[in-house]
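J.: Go ahead and model the full structure; you've got the sequences and the hints to work with.
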Amino acid sequence: MGIIGFYLRKFWMIVKNEVLVLPSRIIVFLFFLLLLLLPVFTQDPYLLRILILASIFAILAASWDLLSGFTGQMNFGHALFFGVGAYTAALLNLHAHLPPWVSIPLGALGAVLAGLIIGIPCLRLRGTYLALTTLAFPIILMGIIFAIPGVTGGELGITGLERLARSRVTNYYITVVLMLVLCTIMWKITDSNTGIIFHAIREDELAVRSSGINTTRYKLLAFCLSGFFAGIAGGLYAHFMRIAGPSTLEVSMSFQVVIWAVFGGIVTIYGPIGAVFILYPLLEFFRFWPEYRTLMFAIVILIILLYMPEGLLPWIRDKIETECPRCKIRNIATRKTCRICSAEIE
Amino acid sequence: MPALVKGYFTILEVKVFYQQLLTFVVALIILGALRLLLMNTKLGLAIRSTAEDREVANLMGINESRVAMITMGISVGLAAVTGSVVVPLTTISPFMWMHPLIMMMAVVVLGGLGSIKGSFTGAYILGFAEALVVFLIPMGSFLKGSVALSIMILVLLIRPEGLFGIAFEEER
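Listed in order, the protein sequences are those of chains A and B.
With the numbering used here applied, the first sequence covers 1 to 346.
With the numbering used here applied, the second sequence covers 1001 to 1172.
Honestly, the hints are just simulated from the structure, not real lab data.
Note that the structure is a prediction, hence the values are computed from the model and not measured.
Glycine residues also receive a C-beta, built at the ideal position from the N, C-alpha and C atoms.
You may find that some hints are simply not true.
[Stated by the list, open to error] Stretch by stretch, here's where chain A covers chain B in the computed footprint (C-beta under 8 Å, at least three residues):
{"no.": "1", "stretch": "1105-1115"}
{"no.": "2", "stretch": "1142-1155"}
{"no.": "3", "stretch": "1159-1165"}
T.: In structure tokens:
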């Protein structure tokens, strides 16, 4: 009994001293709680469906941020990983009869392979050339898929996949928990030494190379990691929609990921996730006026980016938190002194 | 859309419409004029130096934001001219932007950024590649984009700056 009390007290101390002191952490905490507890209050299948798709796309947008935001390898063809993941999972499920929990990781491995295949030639390119070359890969794959309709189903895609789970609530929990876990892993990666090297490669690749770090290896690692997470998103999408079609490889899919990430603020893993959870339901909400849906969507994005060029979430974070000038620890904006070193904050 | 000039003639049993010939000549004239503008005028020099290094161009007394605006205007104007010229040759649909967008990027990257000659050559290589694939390979019309883009990627593997591109100094 005593040991449980000890751990409970320890947990409460962590929550009180690490989470409740910063509004951004409180928001993240509430976001986790809300997502996990939502089916208790409502089981509206439409709402759950929107949130499931939003979590799948959140994984995708965060993985784009890992590659293009952190490592600076502008990838305009992120749909390639998504599509490879979806098609691999679908083919394995349909022909080898593997259950979703095997076919989705194998689909992600397929996407890692795709990341290696496009990563190796793209290492020589930079800037605009890299962006436009990566844009070409999903289009090439789409042409191949259209050309062999016997295997891939052509324009109709592969249908009749196994469900993730029987009920919608179980589906919801699988995708949401997987999203939270994967995004936490991504955020941890960007916070680790590897993440710092990714940062440095974006800022100044030559300097990183001259300090004895094999940038080639790290850039390939970024491609593979990003491909892995995007592949999982693709496999989840295929199994949730029960179809893997060419729409997963479209150019608009690649650009949508970029729009989400830029809207939420790149070089922050939480930015793209928050952006997807704002924009995806917003697009559904605008259905009350269907003819002007995409127009209103575009106007919202343009206005937000006009006034918050760094993205929505970093802007909000800067409003509610300030950085201590002495120890660089973040504080809530209402404090006059730093919570760690008690230096004055102006 | 009615053609601007009607009628056609035949070379080697291939029908060539006068409209197509007109489009071809207009394209050549515009490319030539653009090259003249970029290489032989003060404005062209300003545009090229801004591309090379914005800050230094600014220090040399070039109003870089104005140059950027003029460049943007010229490029958008040329795109609009292309659109209006292509109207009599194709059907118009709301989704007709997709294929030209991709092919345009592929052409420019293949030829090398910052080179009119490169774009010209790249456009011909990719155009003929697409046409050949459509006629020679079964199911080729699906593969035409793939083959053209694969050519682009192969060229970039050998020459990362494109066929005629200028390798800019890496910015530090």
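J.: Each hint: holds or not?
T.: Now the hints, each set against the structure:
Beta-carbon proximity to chain A at under 8 Å applies to 5 residues in the stretch 1105-1115 of chain B; the threshold of 3 is reached and the given coverage holds. Look at the stretch 1142-1155 of chain B against chain A: 10 of its residues bring a Cβ nearer than 8 Å to a Cβ of that chain, three or more, so the hint holds. Look at the stretch 1159-1165 of chain B against chain A: 3 of its residues bring a Cβ nearer than 8 Å to a Cβ of that chain, three or more, so the hint holds.
When each numbered hint is compared with the structure, no violation occurs for any of them.
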